[in-house]
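A.B. asks: As you go down the protein sequences, you meet chains S and A in turn. Sequential numbering of the first sequence, starting at 10, is according to the working numbering. Sequential numbering of the second sequence, starting at 24, is according to the working numbering.
Rather than coming from a laboratory, the hints here were simulated on the basis of the structure. There are no misleading hints in this set.
Think about it this way: if two alpha-carbon atoms lie no more than 30 Å apart in a straight line, the pair counts; the simulated DSSO-like pairs of lysine-lysine are:
id: 1; chain 1: S; residue 1: Lys169; chain 2: S; residue 2: Lys290
id: 2; chain 1: S; residue 1: Lys59; chain 2: A; residue 2: Lys340
id: 3; chain 1: S; residue 1: Lys326; chain 2: A; residue 2: Lys62
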Amino acid sequence: MKIAGWVSLALTVLTTVFAFQGLIGFSNQGPDWALLSDHYFYGILAFSVKQALLSAVCSVVLAWPIARALYYIPGLPARRGFLALCLLCFVMPSLVLITGLVALLGRSGLLSPLIISATGHEWNLYGLNGILIAHIYLNMPFAVRGLYQQLKSIPDSSWKLSVQLKLSRWQRLRIIEWPSLRGTMLVLFGFIFVLCFNSFATVLALGGGPQSTTLEVAIYQALKYDFNIPEALMLAWVQLLIAGGLFLMVSRFGSTGWLSVDTGSHEWKPRPVGWRLRLMKCGYYLVWGILLLPILALLLGFAEGDQLRLEWLPLIKPTLTTLALGVIAASVGMALAYSMLSPIRQFNASGLSRKRLVLEWLATHALVAPAMVISVGMFIFWLPIIDIDQWGIVFVAILNTAMVVPFAVQKLKPRLYQFDAQYGALARSLKLKGWSLWKIEWPFVRSVFLSSYALVLVLSMGDVAIFSIFGTQEWTTLPWLIYGYAGTYRIAEASMASLILLALCALILWLFEKAQSKHA
Amino acid sequence: MKKTLFAAALLWVSVPTFAADLTVYTYDSFVSEWGPGPKLEKAFEAQCQCDIEFIAVEDGVSILNRLRIEKRKTKADVILGIDDALIESARNEGLVQSHNISLTGLKQELNWHDPDFVPFDYGYFAFVYDSRKVKSPVTSLRELIESDASVIYQDPRTSTPGQGLMLWVKSVYGDQANKAWGQLATHTVTVTKGWWEAYSMFLKGDADYVLSYNTSPAYHVVTENKSQYKAAAFSEGHVAQIEVAAITKTSPNKALAQQLLAFLISPQAQTIIATNNWMLPVIDGVELPDVFSQLIMPERIGFSSTQVAKQRKKWLKEWRSSATR
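Use the sequences and the hints to build the structure in full.
C.D. replies: Written as structure tokens, this is what we have:
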């Protein structure tokens, strides 16, 4: 297991090394340092940081009251459905979300007249507005889930003690809730910041021009038309430095919260009453509505499509290809993540926190490495060596796997640390190893494993960036088909394919959620 | 289950690939089932008794980039789908060879004498509007830029129409281009990455004008029976985009490649291309749906591909610093 762990880590790191080697070797040049004296560079840097900061702060702050409502009100209707919807929002392919948002808030969007008459101002979705709305839509629900999970881990004994000590509402928040959430909030903040900092499709589609460009988009632009590798490398190193540095810092300071021991029993906690209860409920229903709106707008737009000469048959093979690629990426990705966590857990258990941090960073580095650079670099590296037209789909699978590994690691890590904290010593003293250890570990991680599997499966199914570089005609995926349809004026077919993709994602999440709850 | 999967994987890997007689690099939408590629392939294979294979990449720029990476190791015999603005880069990097075929049948207005590249379709960049919404459309680029009509266009760093507008503004405004960009930015809804994002937003009603082609209205008439979409004719003239094909420097099948290029400018291929790629034919006398005769046919302005290759970087920098709101 330990060797497998090191091998998995090496494979993940090698992918990135090959990619950079490809780019550096091809151009025979280092980064373009002259960019550092170009004020345009500082403009995009400032914008990247600003939008990511705003997106992350808003997502976490808005998620907090909703997570509290979920936690404190036991009889909340459709709670499970809400949590599933939260996950669906997080993994929603950006193309689908953008179509929905434009139908809702674009110039002729369903809600735009309302906004204009309410504020009295001209409303434009494109620009910082649109980027923030999309980023919050994608990430706030994710934060809700994270914070809710963390709240659930507050042991009953703390609440009982708070009653005995006659703590006020404010004191309970400060003494019990906040310390348990602090670490999670910081990690969530860092995670969302990095996701938004590296955001690509959303910024490209809703950015609205050169004034709202992020580093990732600038890398794409440098590689795309000019094939300006030195400029792309310079931008890539800056991005890696900032996003990677921040991520390292956050995991350094924010990881304590994960370690709280699970008490297993949840019987008593304070209940809100009166106007507080009503306010919480209102917030809950409001978010339900907000999250559903873009999806509804998509449905309406599809129904309006007047020429319903839609054929289902051509969609079957791409749908199956998408599923197959997703299953491969998710399965291999989960296996890699699980095994590379084994040396990391060992360092964690033996208190070697610096080593642990380095490995953690390496395991999740694909999250901060610019996806565009990795894909293009891999392409350049392998093109002279392998027949990419024949093997392209294999690369799609490999890179999709590399893309989901950090998510799998992020999700599995806290649960496994928790296992080690609770049962590690016992397992060691009983000399449990291999299969017998697995037998007690599996039931403990099962539900987290299943939910992570569903998450990475659906995440990898939405990819178009990697496919655009390695994809081949005969293995077209559903998201790629959406691009294809839309690119040739076939907007109605594009919405239909979008809806199928969304329904597929929803179905997968629902199935896994069901499998999970059976054993919960 | 594992065994079956493994067997299937082995089978897939070991399927022998028959190298085609001629390999053509082109862009995705050209070979999609509704694009001209499959029909062209059928027609040409019947004529040459050979097997041709299309390898599709994202777009015209990607074709060139792929060739740059592969250099002498490329499988491509023919590249099909880069545009006239990219010609000089491809030539300067030594990626193509001369075609040696006769270009006498080409339309006069193209004024085409290139020894390496053969044009196979073209179109004029144009602003498209919905005539039910815009009753009195603008008649010049200056009028559009000085108006307050909402506009969507594409990023010149990532799309060819965007680059077309850059050249258009440059040829109309010259040294004053930066002011024009600033003025346009005040009523620009958004600048998109590619053509489809812009066009689909426009179809949803998000802007009065969208940058597209003078041929776009033909699509709506022929396949959707909608005649409200029109291209605005500008008095300063329009910039054209000419899509070209060429034989790669390393091709071992030059004779067959020449035959393909000659076929591309034959009436049979031109009809297929025009009605499936929604661009104009490069020769006269091609039979086309009626609507093609109602398209605006503007005067052509712009720069030579040599000028573009030399100035593009400078003009891009000018655009990115002045097109901010």
